[in-house]
Amino acid sequence: MKRRVHLVIFGAAIAVAAVAAITVPALSNTPIGQEPSDKVSRGATQSHDRGTDPGGAVLRSELNAVQGTVQQLARTQANLQRELDRSAEQRAATEAGPAAAAESAGVEPDDPTAPDREASKLASRCDEAIIGQPVDPEWSRAKNERFGAFFARPPLSGTRLKSVDCRTTMCRIDLTHRSKEDRTRFIQSFSDLAGPTGMVFAHIETADDLDIAVYVTRDGVALP
Amino acid sequence: MNIRTLRVMQALVGLGLFGAAGTAVALNNLPGFQCVPLSGAVRPNSNGHAENFGSTTATVMCPVFVDAGQSGLASSGTPQVFVVDQNSADDVCCSSRVKNTGQSVVSGGTSCSSGVTSAQLALTNPGTPGGNFTFTHRWLQCDIPGVGAGVSEIRLYRY
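Quick note, the sequences are listed as chains G and P, same order. Numbering follows my numbering, in which position 122 of the first sequence is assigned residue number 122; successive positions increment by one, without gaps. Numbering follows my numbering, in which position 24 of the second sequence is assigned residue number 24; successive positions increment by one, without gaps.
The set of hints was computed from the structure by calculation and includes no laboratory data. Where is the CB? At the ideal position from N, CA and C, for every residue including glycine. Careful: at least some of the hints might be erroneous.
As the list claims (entries may be wrong) - What follows is a set of in silico ranges between Cβ atoms, one per label pair, in the way DEER data are often shown:
id, chain 1, residue 1, chain 2, residue 2, range
1, G, Pro196, P, Gly69, 29 to 35 Å
2, G, Ser179, P, Asp67, 34 to 40 Å
3, G, Arg141, P, Asn47, 43 to 49 Å
As the list claims (entries may be wrong) - Computed far set for chain P versus chain G, every beta-carbon distance over 12 Å:
id, residue
4, Asn28
5, Asn29
6, Pro44
7, His49
8, Val66
9, Phe82
10, Ser95
11, Lys99
12, Gly115
13, Thr124
14, Pro126
Said to hold, decoys possible - Partial selection, computed: residues in chain P whose CB lies under 8 Å from chain G:
id, residue
15, Ser104
16, Val105
17, Thr117
18, Ala119
Sequences are here, hints too, so could you generate the full structure?
And the structure:
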């Protein structure tokens, strides 16, 4: 990016030099206040009178020299631009290697670890929310009773309640499952832990994780 | 077409996109037969509903369209399921679920029918938060009780 800006500045400098080369000699004898278009056309007119103006030959040779320099600079700039484009393409190809390969295979180049990472962040936010809350004894008691009835269901015999921590708007439940099948059975019905307008989040860190944390919000309260 | 015209068109297109992004997502009616069984004896009927023709409770999962560009929505809104419950012992119960391709799951609470009736009932489920992922997917999960006074079914769901 920085190199590209330099090249633009460089190009602008060349353009200014070229304009200066054409107009400055022609302007040297122009009275103040005269229109620029007249000045240029006058300079052009003068160039046709080369036999009658001795200073014209000097100016012409200076102009030729400047024009040569400008052309050389323009060539240099074009070469530099080509080199810059080539190196940018190479860099892009190197950096986008996996993405390009995924694209050609018709696969999204998304990070496969992102879901678990985001789930961990949600769990952290839940823990932070709970820690700052006082206990609402009435709601906490009601939730504990509900959880007790839920985990007493026969299909959940492979799920053991380790601890429950209910505060004002959220509970954290720690569970352990006998097997992955038990965990699946729990997940199938875990929405019953919340009231009709509450929410439940089961944080399962890995595919084989049997010890999980479950967060249950109070009715009408969203997960943080 | 001159540059000014192009710029005006570009601005109008930009405004249109902005307007679309700021507009609430419209709800869609989806037929019950879109729901697929996770367990139990569930089949579609000629009315486009999903009915439990077995004697025990069946669980179905009803897919919800998620625009990948919109999957980071903070909430799924408030989906509704229109059901018939003809079992006196058990109810039709639904929850709204959201998941990424990881292991964790988020669910809204369970909303259930009550009583026995051949009339249609509406279950309203709370929205569930989404994740800012390309892979976020949503569905409604419902338990349909077995045959009682008649078949219980999911008629349609709105999301």
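Quiz item: Close enough to count: is the Cβ of Val105/P nearer than 8 Å to one in chain G?
Solution: Val105/P check passes; min Cβ-Cβ to chain G is 5 Å, inside 8 Å.
Quiz item: Does the Cβ pair Pro196/G, Gly69/P satisfy 29 to 35 Å?
Solution: For Gly69/P against Pro196/G, whose Cβ atoms are near 31 Å apart, the range 29 to 35 Å holds.
Quiz item: Taking the minimum C-beta separation from Lys99/P to chain G, is that value above 12 Å?
Solution: The claim breaks: Lys99/P does not keep its Cβ more than 12 Å from every Cβ of chain G (closest is about 9 Å).
Self-check item: Reported absence of Val66/P from the contact zone with chain G (all CB gaps over 12 Å)
Solution: Given a closest Cβ separation of 14 Å, the condition holds.
Quiz item: Does the claim that Thr124/P lies off the interface hold, with its Cβ farther than 12 Å from every Cβ of chain G?
Solution: At roughly 8 Å from the nearest Cβ of chain G, Thr124/P sits no farther out than 12 Å, so the non-interface label is violated.
Quiz item: With d taken as the least Cβ-Cβ distance between Ser95/P and chain G, does d exceed 12 Å?
Solution: Given a closest Cβ separation of 3 Å, the condition is violated.
Quiz item: Minimum Cβ distance from Ser104/P to chain G below 8 Å?
Solution: holds (4 Å)
Self-check item: Range agreement (Cβ of Asp67/P with Cβ of Ser179/G, hint 34 to 40 Å)
Solution: holds (37 Å)
Self-check item: Interface exclusion of Asn29/P relative to chain G, criterion Cβ beyond 12 Å
Solution: holds (22 Å)
Practice problem: Against chain G, does Gly115/P hold up as non-interface, every C-beta pair farther apart than 12 Å? | Solution: The claim stands: Gly115/P keeps its Cβ more than 12 Å from every Cβ of chain G (closest is about 16 Å).
Quiz item: Beyond 12 Å from every Cβ of chain G: is that where the Cβ of Asn28/P lies?
Solution: Fine: 22 Å to the nearest Cβ keeps Asn28/P off the interface.
Self-check item: chain G versus Pro126/P - minimum CB to CB distance exceeding 12 Å, so not interface
Solution: violated (5 Å)
Hints 10, 11, 13, 14, 17 and 18, counting from the list given before, are not met by this structure.
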